[in-house]
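> So in the numbering used here, spot 240 of the sequence shown is number 435, and the numbers just go up one at a time.
Among the clues, some could well be false.
[Said to hold, decoys possible] With a cut-off of at most 35 Å between alpha-carbon atoms, the simulated DSBU-like pairs for lysine-lysine come out as follows:
(1) Lys-510 / Lys-198
(2) Lys-411 / Lys-371
(3) Lys-371 / Lys-228
(4) Lys-256 / Lys-303
(5) Lys-303 / Lys-371
(6) Lys-471 / Lys-490
(7) Lys-411 / Lys-256
(8) Lys-328 / Lys-256
(9) Lys-510 / Lys-471
(10) Lys-467 / Lys-488
(11) Lys-468 / Lys-198
(12) Lys-467 / Lys-209
(13) Lys-209 / Lys-198
(14) Lys-357 / Lys-371
Simulated from the structure, these hints should not be mistaken for laboratory data. From a predicted model like this one, the values you see are computed outputs, not experimental measurements.
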Amino acid sequence: MSKLAIYGGDPIRKTMLQYGRQSVSVKDIEAVKEVLLSDFLTTGPAVEKFEHALAKFCGTKYAACVSSGTAALHSMYESLELDIGDEVIVPSITFAATANAALYCGAKPVFVDVDRDTLLIDIRAVEENISLKTKIVTGVDYAGQPANYRSLYELENNNEPKFNIFADAAHSLGAKQNNKSSGSLADASSFSFHPVKGITSGEGGAITTDNPKIYKKIKTFRNHGINADYRQREDQATWEYNIGEIGFNYRLSDIHAALGLSQLSDINLNLKKRRKIAQAYDRAIDNLTGVKKVKTLEENDHSYHLYVIKLDLDKFKVGRYEFFQSMRAENIGVNVHYVPLYRHSLYSEFGFTTKDFPNSTYVYERILTLPIWPGMTDDDVNSVIIALNKVVEFYVR
Numbered sequence: 196m197s198k199l200a201i202y203g204g205d206p207i208r209k210t211m212l213q214y215g216r217q218s219v220s221v222k223d224i225e226a227v228k229e230v231l232l233s234d235f236l237t238t239g240p241a242v243e244k245f246e247h248a249l250a251k252f253c254g255t256k257y258a259a260c261v262s263s264g265t266a267a268l269h270s271m272y273e274s275l276e277l278d279i280g281d282e283v284i285v286p287s288i289t290f291a292a293t294a295n296a297a298l299y300c301g302a303k304p305v306f307v308d309v310d311r312d313t314l315l316i317d318i319r320a321v322e323e324n325i326s327l328k329t330k331i332v333t334g335v336d337y338a339g340q341p342a343n344y345r346s347l348y349e350l351e352n353n354n355e356p357k358f359n360i361f362a363d364a365a366h367s368l369g370a371k372q373n374n375k376s377s378g379s380l381a382d383a384s385s386f387s388f389h390p391v392k393g394i395t396s397g398e399g400g401a402i403t404t405d406n407p408k409i410y411k412k413i414k415t416f417r418n419h420g421i422n423a424d425y426r427q428r429e430d431q432a433t434w435e436y437n438i439g440e441i442g443f444n445y446r447l448s449d450i451h452a453a454l455g456l457s458q459l460s461d462i463n464l465n466l467k468k469r470r471k472i473a474q475a476y477d478r479a480i481d482n483l484t485g486v487k488k489v490k491t492l493e494e495n496d497h498s499y500h501l502y503v504i505k506l507d508l509d510k511f512k513v514g515r516y517e518f519f520q521s522m523r524a525e526n527i528g529v530n531v532h533y534v535p536l537y538r539h540s541l542y543s544e545f546g547f548t549t550k551d552f553p554n555s556t557y558v559y560e561r562i563l564t565l566p567i568w569p570g571m572t573d574d575d576v577n578s579v580i581i582a583l584n585k586v587v588e589f590y591v592r
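Given the sequences, and given the hints that come with them, work out the whole structure.
Pasting the structure below:
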């Protein structure tokens, strides 16, 4: 049995392998360079081209780009003109922005449990928490597989008053459910283009929808509440505009849009690379004691923004913390996604406790994210598998 690096043994790798990072090509650099040499660094044609390409890729009528994934969530929620006391249901295991965006609008986030096998929002928990104040149920496409939108719509169809179903699709660009693309599965969907996501624009985000009212509201909201953008005023030869509502400067620059558009043209190739890595991990885990895959719904085609494993702690002499530290010592940059929302002090005033979320508490103590990104080499992937085998063998009962 090999001595673990954490106890003085030789690490599997000499350098740290990150859990995720951007993959930027020469083509991407040239696309950004072209914008830098053009007349428009912002409010120009590159944003519009990116939006059209996104809408086409997702199979929706509209796409609106904004400055971040958080701005996308905020704009999407704000499109319904939420009021104080309105409720937005979100899963308890997600990045904080899914809930914070509701707070920005004056609404109350209502946390619900996740499914223990998929880590997607638990449909029964949603049903139990729907109230007369529920305005939105947000499915989070955790790790890259879409939430169970068919079941969410069945709940909505049987409920009065009606509510909107939104998707936090930050993880799932390129995924599909029943052959429908992520971005077209809910009333509106938000994306993030952070460097570790499926495509990157440096920072950036977008909302896709078929709803013209939601789209129009977002276009105004991202531009200070102004009813006409700069290019429209130029075309009409006027300086006049009206601000009829509060808004933010959530515009995406042409520099960011050019990078995003170039990245989008390569997404299918990069999805293929992510899925190949995931398949290698799947094969390795099938032969490992005490390590399980997160279940993928039969109707889903996964985009593998993250590759998450679950540890069967009954099979090991140590807990997840020691497992995490041991993998890091082998220079494998594992991570944990995410600390459940109810554990953050920010949300303590809402009265949620651990006992309200038995599934989330259970899986949080056991999940671990392995590195996965398109630029990983076969040697990188093999080093993760070798390190995982090494740590499992050392700690298994």
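> It remains to establish, for every hint, whether it holds in the given structure.
Consistency of the hints with the structure:
Annotation: proposed proximity of Lys-510 to Lys-198 holds, straight-line Cα distance about 19 Å (limit 35 Å). A distance of roughly 26 Å separates the Cα atoms of Lys-411 and Lys-371; the hinted pair therefore holds under the 35 Å criterion. For the hint pairing Lys-371 with Lys-228, the CA-to-CA distance comes to about 33 Å; that is within 35 Å, so the pair holds. Proposed proximity of Lys-256 and Lys-303 is supported: the alpha carbons are some 30 Å apart, at most 35 Å.
For the given pair, Lys-303 sits about 30 Å from Lys-371 by alpha-carbon distance, which is consistent with the 35 Å threshold. For the given pair, Lys-471 sits about 17 Å from Lys-490 by alpha-carbon distance, which is consistent with the 35 Å threshold. With a CA separation close to 12 Å, the supplied pair Lys-411 and Lys-256 stays within the 35 Å bound. Pair hint Lys-328 plus Lys-256 holds up; C-alpha atoms about 29 Å apart against a cutoff of 35 Å.
Restraint check for Lys-510 and Lys-471: the C-alpha separation of about 28 Å stays at or below 35 Å, so the hint holds. About 19 Å separates the Cα atoms of Lys-467 and Lys-488, which keeps this hinted pair within 35 Å; it holds. The hinted pair formed by Lys-468 and Lys-198 meets the criterion: a straight-line CA distance of about 32 Å does not exceed 35 Å. Between Lys-467 and Lys-209 the alpha-carbon distance is near 28 Å, which keeps this suggested pair within the 35 Å criterion.
Restraint check: the Cα-Cα separation between Lys-209 and Lys-198 comes to about 16 Å, which is no more than 35 Å; the hinted pair holds. Distance restraint check for Lys-357 and Lys-371: the Cα-Cα separation of roughly 26 Å lies within the 35 Å cut-off, and the hinted pair is therefore satisfied.
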